[in-house]
Amino acid sequence: MIRIRARLLVSAAAVALVVSACTAGAGLQPSSSSGGQSTESTPSATGGSTGTETSGTSGPSGSEPAPSDGTLTLGLVLEPVSLDFTTQSGAAIPQVLLDNVYETLVNQAQDGTIVPGLAEKWTVSPDGKTYDFTLRSGVTFSDGQPFTADDAVFSINYVKTKWTVNVAGAMKVVASATAVSPTELKVVLSHPDNLWLFKMTTRIGAMMSPKHVNALATEAVGTGPYVFSNWIHGDSITLTRNPHYWGSPALEKTIVFKYFKDPTAMNNALLTGQIQVITTVQIPQALKQFDDKSKYTIVDGTTNGKVMMTMNDGRAPLNDVRVRQAINYALDKEAILKGAWAGYGTVIGSHEVPTDPWYVDLANRYPHDVAKAKQLLAEAGQTHLTLTLALPPVPYAAAAAPIIVSQLAEAGITVKTTDVTFDNRLAKIFAKPYDYDLTIINHVEQYDVTTVFDGTPDYYTQYTNPEVARLEAEGLAGDNEPFIKDFQQVMRILADDAAAAWLWAFPNLMVADANVHGLPQNAIGESLNVFGLYTS
Amino acid sequence: MWWQIVRRLLIFLISALVASIVVFVLLTLVGDPARTILGTEATPQGIAEMRHQMGLDRPVITQYLSWANGMLHGDFGTSFVTQLPIGPQIGERLLVTLWLVAGGMVVALVVALPLGTLAALWHRRVAGWILSGLSQLGIAVPAFLAGILLIAAFAVELGWLPSGGYVVPAADPIGFLKHMMLPWASLGLVQGAVLARYVRSAVLDEMEQDYLRTARAKGMTVWRAVIRHGMRNASIPVLTVLGVQMITVLVGAVVVEQVFVIPGIGSFLVDSVARQDRLAVQGIVVTIVVISLAVSFLVDTAYALIDPRLRRR
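Chains as they are written, first to last, in my numbering: chain D, 77 to 612; chain Y, 312 to 624.
Chain Y on its own, in the form it takes in the complex (with noise of 0.2 Å):
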């Protein structure tokens, strides 16, 4: 488990060296940043100017040493366009997306888990059939679409939540649940209907399994059988997806910010995209890659502590 462990580090390390190579080459390659910052009315004069004092000038590789450098000593470096540190900036963003995932994703867990049970267990019946295709509906429907649907119904037509914006929870706790409940619920609940068809058939296969046709036989109920013993080996695959939604929401979490008005990560990079802001999408894709990585890192490590066969490897 251990080498395990290390050979993952190693694969993480590697990834994101490579991620940020890649990010670099790639940024270099498109657009002027100097050219942006100076508009519709710049003259050849200013951009090279501009150029210069932005550092454009020197070769690719001095300015990805000197950048990854800065990376890793914490230092994201400071904006030419903003002016302002881009790692502060980064890290008060991505609270925000956190928060916004990680309620999406308790929402998702908390509809997915007995919806995608009890579809399992009813499954020959119309209950189990009404349910799959309540699940299939919510993976058709896009998040964002959900959010506008939300909003019109529960902000614009009974106004009892806000239709958007963010608040600070430390600030006021309750503005900062209203503000989120409709984000985390159109969040949630697509994603909670993506996760429901896995755990409906992750549950459909231990049911088949000789170990609970045995608890079944010792006198246990399905019912009992499925959530004493079936759960914890459904989880497995359950899990891999949820760490692979967790990711996809993470970077997918910007329409949804859109449509809401919150100012997360995603947000924060297509802004950083639009202004030509290199340095802040550097950090930005590099930051949500390290997540990325960390997700699947995480996840990883969590099999090994649900499935016992997996630790003794």
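Pulled out of the complex, with its shape left as it was, chain D reads as follows (with noise of 0.2 Å):
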């Protein structure tokens, strides 16, 4: 197998942000080694490192591509129902939108480290709550309207008081937000937030015209390298190259972005042709039919998401530490991603994926041990516990239940499953009473832990651990080292307290025709970034 190597992804108009970054991180507090070469050294939700070299975006060996006016069709799952993630919850629109369409003050690049956007640079005050943006002159909305200060500021304010989707609560921490002037922007936090800065580089950070907002369900005008272009309902989404893009054009005229129920249809287009890159491979096993290199690549990269099994943490024996314990012992984690997933990913030991800045290893935190995890489960008078699987209708669940029923029940743990669907999820796991013992869910977001486990019991895993809260709360109000140290504990704690059972962090794994270059080795944030994509 190929592995594109991260610094694959090229793009013309990242030359433009290496440029610029260099001027980016001024006053800015201490940020990343020189260089920026290590991941660890930085948090890249603290913002405004300078470690645009690592930023993936770099040119390949060899000639600059040129923009061509070819087409490039990419095969997906999850169509959008709609354009407007204002309201619209799910990861499948700001995949296509977000990056390419709509454009954010920050990005972040594939080493997860926060580059700047249509700001071309920033500062934060001493005590973390006040943001200076030196917004990028000459840049325009596709409608032709240029994107101002005000702009942002209506954008901003847009999330706070429009937006009906969850996502949209990390807005709420704005105070303010000011234009100084038409590129100058200021923001002030209630009070400081170690990740706003990062959250400014997913959908809640989407610089809008407010000339567009009524429509923004069928249209999206945003200052991206391409515009909207089409919708077959059903069938696909279109994109086309935006001619007055404000850095480098786009280097492929126009992406297809067709979507698959079937993952078999979709692998049958790329044999066929008819799509030049599977951006999610359903079904790791069938990648043997693409094992021909000079015909293929395939990209076995990270992305953000966590495949776990949780476990009702509210709920009777499941609140009983010792039973989650015995529950991890009893798990073969490498054998359960050799089976389920063909070994594609990494086995992780608590709610974190390699490349969060405060990752550390915690995979063997519970070695298979099937006589350890008797032991417990007598302790805790639970020698013939029946347990329920609730599982959703999706491939990862589907192929990882079988084989944790079965190695479960070595351990004397007698587990049922049972199939639910998206809907009956939303009703009955996620919302009270949590009627569960556990399931089986990707949290795909970035930095989620304080969502997923914030150590109070509003949420579906119900873990309740005030210490956890503590040190998330301080973590994130706090300055970048202790802010670090407080993670790492968090997941340390969440480990030792078998809060649930981690899996592995689910790879990003992709097939394109060998002449597709540019595709990015890791899905790091909620795009599918297709601008420095091209064929040679």
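It should be emphasised that the hints constitute simulated quantities derived from the structure, not laboratory data. Note that beta-carbon positions come from the ideal geometry of N, C-alpha and C, so glycine has one too. Heads up, a few of these hints could be off.
Derived Cβ-Cβ restraints for the label pairs, each shown as a range [stated by the list, open to error]:
#1 Y:A327 to D:P533: 19 to 29 Å
#2 Y:G444 to D:T462: 48 to 58 Å
#3 Y:I538 to D:A590: 53 to 63 Å
Interface residues of chain Y toward chain D, partial, derived using beta-carbon atoms under 7 Å [to be verified]:
#4 R346
#5 G475
#6 G476
Need the complex rebuilt from these two chains, each delivered in its own frame; the hints are there to steer you.
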């Protein structure tokens, strides 16, 4: 298998980023080591890093590709239901529109560091509450109107007042946003929040035009390298190059996002040349048919997805830490990963992925030990334990469940599986009274530990631990270094408490025609960046 | 005959009304669209607000009446989920499926008529048994499996035809035909196999009739007699089956649509159910019901055209 190096995300636009980035971090809290080579030294979330050299956007060896009039068709799974991510949750809309059509003030590079976007530089006040952004001049929306600090203020306030999706809550921390001049934006937070700037790289940071927010569901007017062109419902969405883009033009003129419900149909489409990229491999076992390296490239990178068996920590018998630990000891996670996902991905032991700045390797916190599991169960008085495992209709759950059931049976735990639809999952598992024992889910949001395990019983995991709540709050408000230490501590506590049975970090598995270049190695943010894609 | 048509029309209207009520009531019983829209991190307040926006907090009868009133004026409403008008989407998707079904049924007829007739004429010969066996095999193969096999052979292995997708015929007629070949074949071969069984038994029935013996006694060959006189009579049961098949295929095309990635009405229904788009589901189901009723209405009327005996009543 060929691993596309991170630096293959080629974009002429990136050159502009690199150049401007050199001035970006001025006046910020101490950031990464010079050159920003390692991710551990800088939490990307604190922002202001100068580490764009590792942004994965440097050119390929050889000549720079020139913009072409070609069309590239990508195969995807989940079709958006509308173009409006202010009222519609889910990953499908930002996947297409964010960064490609809508741009953000700051972006996240492949290594997780924060780099300039529509803001060419920014400073943070020593108390961590005031952000002064300097916006690029000469940026226009695709309708020709200039993008100014007034639009940025509008966009930020619009998130606070009009967005109905829950992710908008991250903007509550903003006390005020003011346009000092057309290119100067001042944002004041009500309290320091180390994740706010990172959140501004996600959909809530999308810069919109006040003129077009009434038709967000059907139109998408942004400042990005592509413009929304056409949507054949049930089939495909087409983006075309924005001829007036402020940065270097996108390389491929037309990008088609084509949707497939059936993984075999998507594989066939690549085999017959109807699409050039499978953006999400749903059956890793089927990758064998793309073994021919002269024809196909397989990308095996990382995502922020944490595949886990969530346990209802608030309900007997799973409110007993010994029972949860026993379950973790009973699971052979390497075997699960091999059997369920053909070994692609990384075994994890807490609510983290290896690219998180606070990552601590806890994969071996509970080595596979059936005797130990039985002993813990005996101590807890649960020698004849029966649990139900709710399975949503997703491939990884279906693949992992039988292995989990048989492994837990060895430790004397009887697991009954039940199928649950997405709707029922929302109504019964994710809402009170949280009626489930075990379920399998891939939590895909980056840095979502503060949501999924916030230490209070207000989310479906029902994990309650005031110490975790305290560490998270303290970390978010504190300086950079204690922030990382606090979150590392949270990871350890979650693992010690066996708050869940984490299985594997979900891989970014893609297959492409060998002549397609510029695919992002890691699926870091919420978008599928297409402006660096080109064909040779 | 006119009374029959009026009676049929009445049945048609009452069925449509009952169907719309049943669909509406059933859908209000399942799930909460507001919750679906807001996703895994929804707050109770957010859900209540969304329910109000969507008008879900009104009495069910009020909801039904305002919806039914819109439908009567040709207004299917605007989806709360996609925020798109539903009527034009149904039209767009339905057209795709109608192309698929129409082509598939043509293939089915082209396969079934000669095959069934030959199987009947040769029913005492080995060739006839082989034809019967083939149609039996065709019945056993589901359309989606036929589709997968056809894709594997003609798209992936030989590379003659695309493995899926849809092209608007007006934009690219040749591309349209290329894309539809395999879906038509997989629908048509399977339905054709089923239909061939009916054609065979219908023709066999007619072959035993007195009028055919008379025709042969007057010097006609078996072939000529069957084609000239038998076919017309045999076509009545065949037409009935054809009507039922068309309705089945219209709804069942979703499976073939999935395999061939065709954005038809079936996929639209499945998507809308998945995203709890209640208005869209209601609109689609009522549309399909109306079409089904219309098809049976047409089939009944066609009997009268084919068989003069039915006209006189």
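These are the hints, each one checked on the structure:
no.: 1; hint: Y:A327 to D:P533: 19 to 29 Å; in the structure: violated (50 Å)
no.: 2; hint: Y:G444 to D:T462: 48 to 58 Å; in the structure: holds (51 Å)
no.: 3; hint: Y:I538 to D:A590: 53 to 63 Å; in the structure: holds (57 Å)
no.: 4; hint: R346; in the structure: holds (5 Å)
no.: 5; hint: G475; in the structure: holds (5 Å)
no.: 6; hint: G476; in the structure: holds (6 Å)
In summary, the structure is inconsistent with hint 1 from the numbered list given earlier, while agreeing with all the others.
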